[in-house]
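**Q** Please model the complete structure; the sequences and the hints are all you need to start from.
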Amino acid sequence: MPAVDGYVVLQQPPAKGSTALVFPAVDVRDGSKVAIKLLDTSVQPSTFIDEAFRRETLALGELLHPNIVRMLGSGVTAASEKYIVLEWMASDLVAWKSKTNSFYWPDYWDEIGRPLSEATAAAHAKNIVHRDIAPRNILFDGAGVPKIADFGISKLRRFLRSEQTVRQFVSPPFTPKEVDDGSGSFTRDVFALATTFLWCASPMPLTTYEEVGAFASTSDMFEPEIRQAILAALADDPDERPATAEELLRMLTPRRSARKPAKALLTCQLELAATKFDSIARTFGLAERSAVEEAVLEDLSTICGLKLMPSLDSQTGSIDPSTNLLLLGLSNSYHAKVEARGQDRLVLLGARQLPHGLMERQRETALVLPISFRFASLGQRADRQGIADLQLLIRNHIAELEDNAGADAGRRLFDAWTRILQAKQDVEAARERPIRYNDYAVDGSGRRVIFHHVGPVPPNVLEEPRQVRLDDGSLLTGHLETIDDRRATFLVSAGDTERLRRVGEIVFSVGATSESLRRQQRALDAFQQRAVNPVRLADILIDPGSATVPEPVEVPFFFHDRADPDKLLDGDKRAAVQAALGTSEVMLLRGPPGTGKTTFIAELILQTIARKPDARILMTSQTNVAVDNAIERLAELRSVAPRSLEVVRLGTSDERIAASVGEFRLGRRLEVWTSEVKARVDEFARAQAHSLGIDHRNVVIGVSLEQLHASQLLLRKISIDVAALEASLKRDGQPEADVADALVDLDIAGSANQRRLDLSRLQEARRSARDEQNSIKSQLTALGGECEELALMEGRELEGFIADYLGDSEEARRLKDLIALGADWTARFGRQDHFEGPFLSMADVVAGTCVGIAGPRAASDYDLCIVDEASKATPTEVLVPLARAKRWLLVGDSKQLPPFQDEALRSRELLDRYDLRREEVAESLFTYMERRLPQACVWNLSIQHRMIQPINDLIESCFYEDQALECARSDRGYNFEPNLPRPVTWLDTSRHPRRSEDESDDAVSNRLECEIIRDRLKEINRRVSRDKKRADKPRLKVAVLTGYAGQRSLLERTLNPRSPKWSHIEIILNTVDAFQGRQADLAVYSVTRSNPDGNLGFLSEFPRLNVALSRGRDGLLIVGDQKFCREIKGDNPFRKVINRINNNPDCTTVEIRE
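In this text, residue positions in the sequence shown follow the UniProt record's numbering: the first is 1, and each later residue adds one.
Honestly, the hints are just simulated from the structure, not real lab data. From the three backbone atoms N, C-alpha and C, an ideal C-beta is built for every residue, glycine too. It is possible that part of the hints are untrue.
What the hints assert, rightly or not - In the BS3-like style, the derived pairs of lysine-lysine whose C-alpha atoms are separated by at most 30 Å in a straight line are:
1. K1018 with K1037
2. K276 with K337
3. K1129 with K895
4. K678 with K567
5. K1018 with K1033
6. K567 with K1018
Unchecked claim - Restraint-style ranges between C-beta atoms, simulated for each label pair:
7. V8 with A531: 25 to 31 Å
8. P642 with G667: 49 to 55 Å
9. S584 with G837: 17 to 23 Å
10. T207 with H452: 36 to 42 Å
**A** Dropping the structure here:
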């Protein structure tokens, strides 16, 4: 009997399956009966049990459906047996059939068929394939509700590929004939459902595929439409089956309800919009108006739900029930509007077929009632009354939803964020995006590889985790630092560069991103389960309006004033610091470009520690740049800090962390701490040797020889493990052509990719062991004399000398144990993960990216969490650090760029699958809080020191009309005349015949703009070279920015920024998105876009243009087609900018002609 904490296993025989024993048990907390599924450890291979346990717990953890057996818990017993606690089920489908004497499809469909299909469809909606639906896995609870069980060989499609063999555990004829290659096809479950339905209907056993097919073809138990759907599901070719359980569900659902329809509460006239008829007709595959109208009425007559579509006016937030209604039919949703003039009918503007799961989620908040729809008029008076009644019902429904909003707010919020994470997992799983290379060179350090790439380069690849498969099957992991048309610089975090293949691919590393998403999910779960301290913060997350307002506190002085009495802290920052110190829960700080958010953060950290010396602060940001800037500012203030601060910078080896903060990195801080401890241990050992009259040197040599011997044994063991893994990969390896096409998956335990990653880690461990052995040899050699020869010895010869040097006296043994203990402790200290947590718990300030701070070493229970650039992070990314702190400060600017979203997350198909709106996916926690917190919790910075007055005024008037932006610079900056006639200059290409953009392979570029920028920068470089005032000063920094990666590549080729010809200016080339948070003396912005279609693309987004134009300190140069930008209709941030430039004396437009 298994011993599981919290449960009493009953003395009854267990049920036995192919992979597990199921014991009845009782929950000691409430006396309820449960089932404990104990996985059978005798099943071979043993790794299968690990795989089955992982898959089933992952699947059941995501699937909360009334017709899927619910998981109550899981774990490992004291005897190392894996178990899953499940709700108790009374019987199964086999028992049901033995007791059933007749079969009537409509009743069976309502009671069993539909629930099972809906449960499978719900699993498919979460990208989970069961793979073994069969009668023995369909159970009934005490109330007779059917439920699907046993997800032990389920396939989570977002994990892509598993090489763990599970095929021998499936159940023919319920599983299809084709080989299960691990691709996790939904159609396998479709086949199994159809076979199960036939098995239930057949009076005779169905044990072969032939018997199943014959019964399906000849039985008279099914209507022709139902038979056709079942036969389609049984097709030998998976591509000919319904693609998902959802599609099968739609095919099997009766077009009209067999039950008597409820009496209609009201009647309503419909009309198909003339301009939208063709689109609506295509949804049904029909052409005739009468046929389309009949199909619409049929769909809406079965069931109808009404709800409001999101308001198209994002400014007002209010919704008029007469506009943008959503009608939910049986299979389709319809966009409808009340006819504006007559107010007597609903005009249908569109129809879309939605997934079943999405339809059900939509109905959860819809007004569902029987309505008699018609396309014929009953007279204007009756028609108008019908619309008026409909609008009244909707208004009442809205009011009822608002009354219940508080209770449902948390569930809806967490559900939306969970669905966003699930959508991201789906996207990441298919995101390999290879960069092919045909040659490479390794730099002198061995930590960077310069690949010569060929073919197209995917966008936004810099700094994302990537990997390269090596010739022995292991992986080289790291990220791309830079990339241009020919070369890609790869910073290595792990792997052997000597094993690189001459030709290969640099692919996206699924594992790192999956880990990031798991950390976000854990943080989300903590808030949802109210497992945060204090619990009150979970309530504030759901209802920010309930947050306690700050009570600003007086401070005796400001540290920045002491550091530089000539540059006193600005008044806005003083006020914000005092408010933040008086914040008991949460405060939000808005900081436009150049307003000194980093200065504020550093001051707040010092003030917090001055008021509470034992305070622990977590400082995070979405970007490494912002984190490093804050640490640099703290370092500058060390001389005036209230005491010596322990600041620790977290981050992996492949993150782009500034060299200037290297001394604060965790590894470096641990090295310093280890050196201090080692010095104290050595001093103590020498004192003990002296007091015992023992030769300290001999004992040290003996201990060093022991360490050398141990390192030799360790290195030998690791080498054996490496060889075994290499042999395993070679035995199980695919042909090279197949491997090149295989999707990479670092999450699947037991897969070849997992073994490749293990091999990479072992090889890294072997290198570390060699380094450690060489270090011991160096220490021995440093002792002089015979030690140089001793350092070369191995094996038994070494063992003999160990005994000679250590001796056998009691005093020598005690001293040897002391020295060995100290050496072992200091060797472990700082090199093993379990030392990191205690060290971090003693740090005053821990800094890192939002997700990067949450590794296994992460500490918690911080007094204050500061999140910089919070407006650039997604809600769940920010929740990771927030879950660890008692007070929150979010710093950001919602008028700058929002969180980056992969283009795939904007696809309608993906959004529909997860019932998401683009606005939900794009919204940051900063914006969410900004709109809901009490105004007293939201503070502003308004004094900026970056931009000179003309640039400041441009940014304020075009992007911050509702918020003052004061320029604190008294100088006019560097004078770029005559190359820039005014501090803000637009070089207008409107009249140039070559002004148009080039677009190919989804890459947008503009050659003319590149040439203009090159020529103008040459003139500026020449002008600066003649400026004697700058003779001894650093080169001027010039940021050349564009919205498009294609234009960035073309600028790279045109400018060649690393060329020595740029003797007096330093050109920094980047996309706008990547340059946010940085600045330069001169900002040059290439608009790029100019086309006859009036297509501005994502340049129509105000935040992107705000960031682009606010990077320059002393000058701003815009290059592009001003006429094109001015005349774009709809959302157009350029219009205001152009009006400002053309109507202000500090700005000018210069025409560029051929």
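**Q** So which of the earlier hints does this model not fit?
**A** 4, 6, 8, 9, 10
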